[in-house]
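Undergrad: Taken in sequence, the protein lines are chains A and B.
Counting in my numbering, the final residue of the first sequence is number 1419, and the numbers go up one at a time with none missing.
Counting in my numbering, the final residue of the second sequence is number 115, and the numbers go up one at a time with none missing.
Hints were generated in silico from the structure; no laboratory data involved.
Errors might be hidden in some of the hints.
[What the hints assert, rightly or not] No farther apart than 25 angstroms at their CA atoms in a straight line, the calculated lysine to aspartate or glutamate pairs in the DMTMM-like style are these:
{"#": "1", "chain 1": "A", "residue 1": "Lys1349", "chain 2": "B", "residue 2": "Glu20"}
{"#": "2", "chain 1": "A", "residue 1": "Lys1368", "chain 2": "B", "residue 2": "Glu13"}
{"#": "3", "chain 1": "B", "residue 1": "Lys55", "chain 2": "A", "residue 2": "Glu1331"}
{"#": "4", "chain 1": "B", "residue 1": "Lys61", "chain 2": "A", "residue 2": "Glu1331"}
{"#": "5", "chain 1": "B", "residue 1": "Lys74", "chain 2": "A", "residue 2": "Glu1407"}
What follows is each chain in one-letter form.
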Amino acid sequence: NSKVIQTPRYLVKGQGQKAKMRCIPEKGHPVVFWYQQNKNNEFKFLINFQNQEVLQQIDMTEKRFSAECPSNSPCSLEIQSSEAGDSALYLCASSLGGSSYEQYFGPGTRLTVL
Amino acid sequence: GDSVTQTEGLVTLTEGLPVMLNCTYQTIYSNPFLFWYVQHLNESPRLLLKSFTDNKRTEHQGFHATLHKSSSSFHLQKSSAQLSDSALYYCALSGNRIFFGDGTQLVVKP
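Could you build the full structure based on these sequences and the hints that come with them?
TA: Given below as structure tokens:
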């Protein structure tokens, strides 16, 4: 069973508000991923880290989204100015790294932007 | 670029019938890893199967898949569907990062 912890489980924000969610990866996993799963179950990669460094991120993440994985603190994903289209389930996953390793997913943070 | 295609958005079948969910991929890597993840309702995805060996059958929890590099396919199969198999199934490819398909919703009816 996955031991990735995500908080909060539910988040409700108004349009234009900041929305911040956190993730604690499994112990010993240096690689962390953030995904957005929308109401159509489409899985969109947002960003990934190895330790504290960004490995890859998509354009959307570079604009309104910011993320970090400081040492000895939870990783976080923050939307600077929430839009209705950001309403989704945000999943954090961690892995040992490398292409052969499976990802372990947290329970997700369900964001609703009113 | 790398991509994964799952042609069926929804598969509905009767309990006891065989399951086959299609997955094809595109990658520049000669030795990609392919994965199947399953996501039950109100749960997060978890790994079902993975493989990187060409033409070798991989099995877990009654499901099996064989990576065929010649056809760039990694179809998921099960001989007899159970009601509890109803879930969302994602095929994924590891290239320079993990690429997920759009998912196939499997609905098994009594």
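Undergrad: None of the hints should be skipped; say for each whether it holds.
TA: Hints, verified against the model:
Annotation: proposed proximity of Lys1349/A to Glu20/B is violated, straight-line Cα distance about 31 angstroms (limit 25 angstroms). Taking the CA atoms of Lys1368/A and Glu13/B, the gap is about 33 angstroms. The hint is violated against a cut of 25 angstroms. Restraint check for Lys55/B and Glu1331/A: satisfied, since their Cα atoms lie roughly 20 angstroms apart, inside the 25 angstroms limit. At roughly 30 angstroms between alpha-carbon atoms, Lys61/B and Glu1331/A are farther apart than 25 angstroms, so this suggested pair is violated.
Between the alpha carbons of Lys74/B and Glu1407/A the distance comes to roughly 20 angstroms, so the proposed pair stays at or under 25 angstroms and holds.
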